[in-house]
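There are 2 protein chains.
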Amino acid sequence: MPKPVSSVLPVVLLGCGGVGRHLLHHIVSCRPLHAKQGVAIRVVGVGDSSSLLVADDVHSSGFDDALLTNICAAKSAGSPLSSLLGQGPCQLFKKPEANGKVIDTATVLGRSSGLVLVDCSATYDTVGLLKGAVDHGCCVVLANKKPLTGAYEDFEKLVSNFRRIRFESTVGAGLPVIASVTRIIASGDPISRIVGSLSGTLGYVMSELEDGKKISEIVKTAKSLGYTEPDPRDDLGGMDVARKGLILARLLGQRISMEDINVESLYPSELGPDAMSTNDFLESGVVQLDKSMEERVRAASLKGNVLRYVCEIGTAGCQVGLRELPKDSPLGRLRGSDNVVEVYSRCYESSPLVIQGAGAGNDTTAAGVLADILDLQDLFQKTA
Amino acid sequence: MPKPVSSVLPVVLLGCGGVGRHLLHHIVSCRPLHAKQGVAIRVVGVGDSSSLLVADDVHSSGFDDALLTNICAAKSAGSPLSSLLGQGPCQLFKKPEANGKVIDTATVLGRSSGLVLVDCSATYDTVGLLKGAVDHGCCVVLANKKPLTGAYEDFEKLVSNFRRIRFESTVGAGLPVIASVTRIIASGDPISRIVGSLSGTLGYVMSELEDGKKISEIVKTAKSLGYTEPDPRDDLGGMDVARKGLILARLLGQRISMEDINVESLYPSELGPDAMSTNDFLESGVVQLDKSMEERVRAASLKGNVLRYVCEIGTAGCQVGLRELPKDSPLGRLRGSDNVVEVYSRCYESSPLVIQGAGAGNDTTAAGVLADILDLQDLFQKTA
Chain S
1 MPKPVSSVLP VVLLGCGGVG RHLLHHIVSC RPLHAKQGVA IRVVGVGDSS
51 SLLVADDVHS SGFDDALLTN ICAAKSAGSP LSSLLGQGPC QLFKKPEANG
101 KVIDTATVLG RSSGLVLVDC SATYDTVGLL KGAVDHGCCV VLANKKPLTG
151 AYEDFEKLVS NFRRIRFEST VGAGLPVIAS VTRIIASGDP ISRIVGSLSG
201 TLGYVMSELE DGKKISEIVK TAKSLGYTEP DPRDDLGGMD VARKGLILAR
251 LLGQRISMED INVESLYPSE LGPDAMSTND FLESGVVQLD KSMEERVRAA
301 SLKGNVLRYV CEIGTAGCQV GLRELPKDSP LGRLRGSDNV VEVYSRCYES
351 SPLVIQGAGA GNDTTAAGVL ADILDLQDLF QKTA
Chain Z
1 MPKPVSSVLP VVLLGCGGVG RHLLHHIVSC RPLHAKQGVA IRVVGVGDSS
51 SLLVADDVHS SGFDDALLTN ICAAKSAGSP LSSLLGQGPC QLFKKPEANG
101 KVIDTATVLG RSSGLVLVDC SATYDTVGLL KGAVDHGCCV VLANKKPLTG
151 AYEDFEKLVS NFRRIRFEST VGAGLPVIAS VTRIIASGDP ISRIVGSLSG
201 TLGYVMSELE DGKKISEIVK TAKSLGYTEP DPRDDLGGMD VARKGLILAR
251 LLGQRISMED INVESLYPSE LGPDAMSTND FLESGVVQLD KSMEERVRAA
301 SLKGNVLRYV CEIGTAGCQV GLRELPKDSP LGRLRGSDNV VEVYSRCYES
351 SPLVIQGAGA GNDTTAAGVL ADILDLQDLF QKTA
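As you go down the protein sequences, you meet chains S and Z in turn.
Okay, so the first sequence: first residue is 1 according to my numbering, each after it adds one.
Okay, so the second sequence: first residue is 1 according to my numbering, each after it adds one.
Please keep in mind that the hints were generated in silico from the structure rather than gathered at the bench.
A couple of the hints might just be wrong.
Repeated chains share a single entry, so a pair holds when one copy, or any two copies, can fit it.
[Claimed, not checked] Here are the simulated lysine-lysine pairs, DSS-like style, with alpha carbons at most 30 Å apart:
| id | residue 1 | residue 2 |
| --- | --- | --- |
| 1 | 36 | 157 |
| 2 | 146 | 303 |
| 3 | 327 | 303 |
| 4 | 36 | 146 |
| 5 | 223 | 94 |
| 6 | 36 | 131 |
| 7 | 95 | 36 |
| 8 | 94 | 327 |
| 9 | 131 | 303 |
| 10 | 213 | 327 |
| 11 | 94 | 303 |
| 12 | 327 | 214 |
| 13 | 214 | 36 |
Since we're looking at a predicted model, the values are computed, not measured.
The following block holds chain S by itself, in its conformation from the complex:
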């Protein structure tokens, strides 16, 4: 029988970078809104790459809002979590003990109130903790793509109880891509193809190329504007897009792994990190791409097409790389750093379902994580 709606969601957050801190900020600022909706988020632990801060009483109280705000301020200023000790009833655990404490908390709360383990880190190292949490009946919310893009067995384990995991922010930040694809699958509408531009950085590069600029100039400008990773080759290589493609492909039921994805890098291995430093790449490497890229842009343009860096998931698996696309298609029309995803299915056959918007940014990504946490609330209803 449906329970009265009044839910408390205990949360342990792993990862306290830009996304994690924005999440804590959103949780605090949304308290009145969530109270009106009969739901409360109780943060009982926050971990970073070196340690874990845990509330003394995980059962009935978490960190108060002052402490959460202080955690954000401290981490933002580069201070360690240990600097928060004494600011509230909590304890600090250093790694590797910290990992054991996460599992302890999952064990204890998984059996009683339940727990949402939220991963806003950017490492593969959390996968063991996440699987442990799943084993103890806990829920998992991920902004971190890596646990879902490692071994297929890990993915399978994490999604084995599909109602207890959410990972919207792994693809297109807060854009409702995973939620929409999941709805379509649940309604028995078979998805035949997903095509997307899933990198804001590469979207920007492609749109500037279309305007006739040189890739060397575009990359240097993008880096100076903070649009790229510290080493822009991390964007240009396409691996981040491939991870998003893999998550979508696996969501569609494909038992594939990263090595099954054909990824076209925008730079050759002679210009790779093994061959030259980031500075050398920016100063003398990237200009070597200008001519060939200019030719590809021109060749596409002669056919009325534009170049886009695209991720395509179909029956033949997942491909990631440059494609020539009609200027007058959703992907071809894309300008700037927006992401766009086209989904083709029985219901969206001739004309796809298109979802477009900002697909990056700490604020947007954290908003997606928060929406995911709240989407689990029916599993956490207090029985009267």
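Position chain Z against the provided structure of chain S, taking the given hints into account.
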């Protein structure tokens, strides 16, 4: 504590037209998929405008798939529900007794297994039943816009337990508009504006006008292709768009009603249903719109704009009517009968979240209803 995932959702369906029949069809064809996901939909009652067929044992068994298929076939052939009697353990109730039986079922199941009352009808008359179901702790899923667009008190009552109602298919058919807006609201990202083209018919009309055709020709062709209501003025008047706008505005927290919405009709009252028949409108009425519409299209075009029939929800309430929009905007680029919705918020400020795709059709609408039903499954978990 999160429960083991194994859910049975008892459903009573009101409305057995195109959407309702597609829903029953999808429920039957998705059985293996849903079984894999640990969820089962048990249809225990089906009602149409005159009667209600109810399973004898609503507690432990519903209609079997053969009977559901036969219901679709019978209703599709224009036969009454009474023609199904004897094909399974069920009883027929004529109205008004049928309504009492819906409430009886809601009372009985609301207290035990729970119930989802699904409204795929197109009438205001179901609102009493829906409110009764809510009172008994049941869930509600709507494709029918009317119960949400009547008195504000009715809307407020229906959404009072917001986790127990879904109404995705009332706006943009299966397009994930309501789900996405709900996610954004839940994450504390304040929505400042929603702009959309929410009528496939009017989208088609606007796109043909842009190509230089006359509105009289466009309307006649659209009617002959089955793109319009039997009386095309039901589309051209904008009330259907206004209903969708009202639902979105109320979802954003605006306490407004239909009479607060400024709706621009594409025909004047002299050409309305009180002044002439549908045939007269098509033969001699609609041509009277050609000249003025041509002038508006030309005036827009001179500024590089196109005309779109738009629904806009902002801080100043909800407006529905013709707008001149840049050719190079998501709404301006829209072609054919696709719907498109732009959502502006803190996270989607400079560049909106855009959702686009087929926003009509029985198959797509029913798929949206089915996804909504399944989205309620966490409230229906069997406790071990």
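(message) Within, between, both or neither: how does the pair residue 327, residue 214 come out at a Cα-Cα threshold of 30 Å?
(response) Classified as both; 20 Å inside a copy, 28 Å across copies.
(request) At 30 Å max between alpha carbons, let me know whether residue 36 reaches residue 146 within a copy, between copies, both or neither. (result) Between copies only: 26 Å across chains, 35 Å inside a chain, cut-off 30 Å.
(message) At most 30 Å between CA atoms: does that hold for residue 36 and residue 131 within a copy, between copies, both, or neither?
(response) between (33 Å within a copy, 21 Å between copies)
(request) Pop the pair residue 36 and residue 157 into one bin, within, between, both or neither, using alpha-carbon distances up to 30 Å. (result) For residue 36 and residue 157, the Cα distance is within 30 Å only across copies (15 Å; inside one copy 35 Å).
(request) If the cutoff is 30 Å on CA atoms, where do residue 94 and residue 303 land: within, between, both or neither? Let me know, please. (result) Neither: 59 Å inside a chain and 64 Å across chains, both beyond 30 Å.
(message) Regarding residue 146 and residue 303, is the shortest C-alpha distance of 30 Å or less found within a copy, between copies, in both, or in neither?
(response) neither (38 Å within a copy, 49 Å between copies)
(request) Up to 30 Å between alpha-carbons, please classify residue 214 paired with residue 36: within, between, both or neither. (result) Result: close neither inside a copy nor across copies, 52 Å intra and 51 Å inter.
(message) When Cα atoms must be at most 30 Å apart, do residue 327 and residue 303 count as within-copy, between-copy, both, or neither?
(response) both (10 Å within a copy, 23 Å between copies)
(message) Within a copy, between copies, both or neither: which one fits residue 131 and residue 303 at a CA-CA cutoff of 30 Å?
(response) Classified as neither: same-chain Cα gap 49 Å, cross-chain 58 Å, threshold 30 Å.
(request) Tell me, please, which holds for residue 223 and residue 94 at an alpha-carbon limit of 30 Å: within, between, both or neither? (result) neither (35 Å within a copy, 71 Å between copies)
(request) Please work out whether the CA atoms of residue 213 and residue 327 approach to 30 Å or closer within one copy, between two copies, in both situations, or in neither? (result) Result: close both inside a copy and across copies, 17 Å intra and 25 Å inter.
(message) Regarding residue 95 and residue 36, is the shortest C-alpha distance of 30 Å or less found within a copy, between copies, in both, or in neither?
(response) neither (38 Å within a copy, 39 Å between copies)
In summary, the structure is inconsistent with hints 2, 5, 7, 8, 9, 11, 13 from the numbered list given earlier, while agreeing with the others.
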